Structures are given as C-alpha cells and as structure tokens.
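Chains as they are written, first to last, in my numbering: chain Y, 1 to 289; chain S, 1 to 289.
Everything labelled a hint here was simulated from the structure, so no lab data went into it. Where hints are given, some of them may not hold.
Same chains, same names: a pair is fine if it fits in one copy or spans any two.
To be verified - Lysine to any residue pairs mimicking SDA-like chemistry, simulated, CA-CA at most 25 Å apart: (1) LYS281 / ARG266; (2) LYS191 / LEU113; (3) LYS38 / LEU254; (4) LYS38 / HIS208; (5) LYS281 / PRO54; (6) LYS38 / LYS191; (7) LYS191 / THR29; (8) LYS281 / ALA110; (9) LYS191 / ARG266; (10) LYS281 / GLY227; (11) LYS191 / PRO30; (12) LYS191 / ALA24; (13) LYS38 / GLY174; (14) LYS38 / HIS124; (15) LYS281 / GLU225; (16) LYS38 / PRO142; (17) LYS191 / PRO53; (18) LYS38 / GLN248; (19) LYS191 / GLU218; (20) LYS38 / GLY245; (21) LYS191 / TYR4; (22) LYS38 / THR163.
These figures come from a predicted structure and were not determined experimentally.
There are 2 protein chains.
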Amino acid sequence: MMDYAALSALAEIIRRGSFEAAAAALGVTPSAVSQRIKGLEERLGQVLIHRGPPATGTETGLRLMQHLDQVRLLESTLAASLRPAGGPAVLRLAVNADSLATWFLPVLTALPLLYDLVVDDQDHARDWLRQGQVSGAISSEPVPVPGCDAIALGNMRYLALATPDFIARYFPDGVTEASLRTAPAIIFNAKDALQSRWVQLATGRRLHVPGHLIPASEPFARAVELGLGWGMIPETMAELALRAGRMQPLRPDLPLDVPLYWHVQRAMAPALAPLTAEIRKRAAADLRP
Amino acid sequence: MMDYAALSALAEIIRRGSFEAAAAALGVTPSAVSQRIKGLEERLGQVLIHRGPPATGTETGLRLMQHLDQVRLLESTLAASLRPAGGPAVLRLAVNADSLATWFLPVLTALPLLYDLVVDDQDHARDWLRQGQVSGAISSEPVPVPGCDAIALGNMRYLALATPDFIARYFPDGVTEASLRTAPAIIFNAKDALQSRWVQLATGRRLHVPGHLIPASEPFARAVELGLGWGMIPETMAELALRAGRMQPLRPDLPLDVPLYWHVQRAMAPALAPLTAEIRKRAAADLRP
Numbered sequence: 001m002m003d004y005a006a007l008s009a010l011a012e013i014i015r016r017g018s019f020e021a022a023a024a025a026l027g028v029t030p031s032a033v034s035q036r037i038k039g040l041e042e043r044l045g046q047v048l049i050h051r052g053p054p055a056t057g058t059e060t061g062l063r064l065m066q067h068l069d070q071v072r073l074l075e076s077t078l079a080a081s082l083r084p085a086g087g088p089a090v091l092r093l094a095v096n097a098d099s100l101a102t103w104f105l106p107v108l109t110a111l112p113l114l115y116d117l118v119v120d121d122q123d124h125a126r127d128w129l130r131q132g133q134v135s136g137a138i139s140s141e142p143v144p145v146p147g148c149d150a151i152a153l154g155n156m157r158y159l160a161l162a163t164p165d166f167i168a169r170y171f172p173d174g175v176t177e178a179s180l181r182t183a184p185a186i187i188f189n190a191k192d193a194l195q196s197r198w199v200q201l202a203t204g205r206r207l208h209v210p211g212h213l214i215p216a217s218e219p220f221a222r223a224v225e226l227g228l229g230w231g232m233i234p235e236t237m238a239e240l241a242l243r244a245g246r247m248q249p250l251r252p253d254l255p256l257d258v259p260l261y262w263h264v265q266r267a268m269a270p271a272l273a274p275l276t277a278e279i280r281k282r283a284a285a286d287l288r289p
Numbered sequence: 001m002m003d004y005a006a007l008s009a010l011a012e013i014i015r016r017g018s019f020e021a022a023a024a025a026l027g028v029t030p031s032a033v034s035q036r037i038k039g040l041e042e043r044l045g046q047v048l049i050h051r052g053p054p055a056t057g058t059e060t061g062l063r064l065m066q067h068l069d070q071v072r073l074l075e076s077t078l079a080a081s082l083r084p085a086g087g088p089a090v091l092r093l094a095v096n097a098d099s100l101a102t103w104f105l106p107v108l109t110a111l112p113l114l115y116d117l118v119v120d121d122q123d124h125a126r127d128w129l130r131q132g133q134v135s136g137a138i139s140s141e142p143v144p145v146p147g148c149d150a151i152a153l154g155n156m157r158y159l160a161l162a163t164p165d166f167i168a169r170y171f172p173d174g175v176t177e178a179s180l181r182t183a184p185a186i187i188f189n190a191k192d193a194l195q196s197r198w199v200q201l202a203t204g205r206r207l208h209v210p211g212h213l214i215p216a217s218e219p220f221a222r223a224v225e226l227g228l229g230w231g232m233i234p235e236t237m238a239e240l241a242l243r244a245g246r247m248q249p250l251r252p253d254l255p256l257d258v259p260l261y262w263h264v265q266r267a268m269a270p271a272l273a274p275l276t277a278e279i280r281k282r283a284a285a286d287l288r289p
C-alpha cells in the first residue's frame, strides 16, 4: 500500500503552496511534513515537489495527489457508518472557462465534496484527464481517453460579436479578408482556436488575425463590449448586450456550435453518478441539442 | 544587434502555439520559421521553444519575446512619420484577477496597442515583472523590483461573505475557530492567501480552513452565492447581491483592505504614460483611498 500519511502531506503542500501551510493544515510540524515528502521521494526515486516558493507539484507529484483524491472520494461513498479517514473528499475537475462562466457551476451542489477546479479552454480540458490529473473534464473533444467514458452534452453556440461602432469602423464593407487582417480580435489564450475556426468558416481561408489575449471569460466579453476588439462569445453570455444593442453579430447567419462532452474516469463513475446526472440535466436545459 | 526576424518568429510561435500558425501569421513557410528558431537557439546555445504540442516558450524564450514586445512598443512611440516595422506593438501586462474583473479593463482603451494579459492573484502578479516577462503589473506588493517603479493606487476592500442559509448552518454562534474548521471556503488557487489572512484577523490564529478551489473571479463570487462556501469578495463585485440580501458579511465589522500598486518598467514608463494616467484615474474612482 502507498503511504497515505505522506500522500496527504504531498497534497496539502501542492494545494497550499508551502510546507509550513501544509503542516498547519495537518496539525504537525513542518519538519514532519518535510520528512514524509523526503521519504516518499526516496522510495519512488523521483522529485515530487518543486520547492518554490511557491511549492508546486512535479508531474508525478500531481498524479499522486490525484490518486489520493480518488481514494478519498471512493472512501466517502462507503456506507455512512464507515466514517472516511484522512480528510475531506476532494474532487478535481477540468472545466472549460466558458462553461464555468455560464451553465456549469450549479452542478457542484449535487455532491457534498470539496471541489478543486482546473480551468482551461474547451479544446484542451481533456488533456488534464489524459495526464491523470483530474477525475472528470468538460471538453469539446468527443473521443474518450483510455479508461474514461465521454457523454455528449449538446452544443454551446458562439457568436462573432463586436460593438456597432467597431463594426462601422473595421467592417464597413462586411466581413472580408482585408478587414479581418486589420480588426483586432479578442483571444482567450494562445491555445484558443475559436476565432481562427470562425474566420475559416467566414472566408474559406486560414488567416492570421491580430488580437488581444484576455484569459478570463467575463473580462473577455466586456473587452468586446468596450470596443477593444471582436470576439467569439457564448450566446447565453451575450443575451442582454445583444438585446440592448451594445453588441452585434459580425455575420448573423454564421454562428459556431461547439459540442461539449463530459469525460469521466470509469473507476470513478459510480461514485460520481449524482454529479453526472446533474451535469446532463443542466446541459439539457442550457445548451443546444 | 539581435536577429529581429527570428525574434518575431519566436513570439508568434509562443503566442499561437505552433510553428505552422506562426508561419501563416508571418506569411512565410513553416520551414523558414523552423530555421530561424534553430539558428537563434544555436547562437544562444539554449532551447527557446518546447516543441509541444502546443509549442510553448522556455524561460529564455519568454524573456526574448518580452524584449521584442518592448522594442516594438518603443518603436511605436517614435514620430508617426517613422512607421514602425515588423508587426503591431504588443504590451504584455500581469493583472490580478479581481482587478481585471472589476475596475481595470477600461484603462486598456488609453493606448492603441494589442494587449497580452497574464492573470494571477494579487500577491504574485509582480513575480512576472521580476522574471522580465511583462512590462507592467497590478499587484499588492509595495516594493518595486529592480528597474521598475511602483505607484500606489489605493485599496481594494474585500468582505468575507456567504449566503444567509450558509451562515445559519455553519456559523449559528458567529465566527469561531470551530466553525471555520468545518465551513468550506471558496479559494481562488493554491497561492491565494486572502482567506487565511482574514481568518487570522478574525481569530488571532492561523487556522487550516477546508475549501473549494475556483480559479476565476466571477464564478468564485457565484459559488459563494450558490451556497457552496464562504469567500473573500471585492465589495464592488458584491454590491447587488448584498443589497438584495443574497449574501451577507460573516463579520460586518471586519473588512480586509488590500493595497494595490501599478508596477512599471522604468525604460517603458515614458511610452506608457497615457496608460499610467488612465490607471491612476480609474483607481482613484473605484478603489478606496
């Protein structure tokens, strides 16, 4: 068996960013924490913590933390008479930023756990699952990674939006290759491909578009509303601004539908059944079929 | 002189995540991009790009990208008759998530640049400046890093909030050590120390509090409003919910004021003067003195 006292110390250090904070959380001395980690590292022959500050987990360290979380989660679903030992159950999930900003959050009330959310864009949330660092993920990738199932949830519809002033200034003759090469876009981060995909739909070509990088969903939408650029925004986030005329579609005839899937580790699926049911229910209500 | 064609290729690869996308953006072939990077790496004797996918910058690669951005920015402030060569000016800034979610965004309209925002928590945004990866940062750290100036902006006031139901369930006898050890908090990420600092103010002790990790400002506030936990929320984000009675302070007498500073590289300060003026103005209007 693994040394779960050492794993608990490891997880606390990674979640809290220092040996001292982990020691305080566990009610032991920092040197006890340090010895547990050192012992674990020696047994495994690998570094598990980058000492920092802040202290962060190595790839193997993060995998071990995830293993501990899963064991605790499984323990928490044992009969209530068997009180799970060793701390509250933590569920680590990867969620794409736009789902977190729109429909996802209320599903977390389905299970009385502590959640540790990792936020990434929809095309990459599944990578966290592949690396064994989360137990479930909301992602646009349809193909499950080994040991996981993927459940189709529906489509999130994106619109290419800008302010009326921005459209008058940069797109006086409509959406053309020339205008797209000049008009700044708002882009979530370097991995975000939604703008390029829409540009390809609109022009039939892969174009370079200049852009601001704003890696947070609501500020992204507000940057569009401030006239800093055009951007791909989920229709549910833009409703009010569209109705008030503060934003308009560049091409009302050209939305972009992104399918979303709930990827869940098969070993965890029974324990997570209430969460899966809630995710299906919310998605059915808020996404397009 | 540095090879700026190679640096431009480097920056495009890091911003776009692949050699192919960088080549398309620069209008050259992928093999030309690849040769430029190889040549630069050989001359410097260092790897500049982790090949991925996605392709990401090494520490040195990121520093070189930042250097290019600064040269372009300085070029863009030359007399308008000298058209800057080699792409639009990009300004990379580190901003704490709560500033981005509240007062910061409109300042970006002060200069006609492309912005590349890095989001971190207020205690760590300055680290990006120290590593030479950004030209400016909004941070709670008062001491400037070498080569930079720090300008005091005022205080962001945080309140420890929860729903009335949550308070009735977890804090029936007020905020005690025992209740704080049981009631789940909402925590931004492993580096976020606001909850611990407030707990120390409230109890005089450093306590371990259990918590959910939700690394996005608006979802963080909504998680509190959904009753998932208590959390430290900027008063300006909570106004509506407080007035409507959906959230309440755990201790109305105990806000936590976090001072914010604009850190800016001295070499860039003249070029960024209009941005600095707008940041001062917005901060004076939206933060507490």
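| said: For each hint given before, does the structure comply? Return the numbers of the non-compliant ones in rising order. | reply: As far as the earlier hints go, 3, 5, 9, 13, 14, 16, 18, 20 and 22 are violated by this structure, in ascending order.
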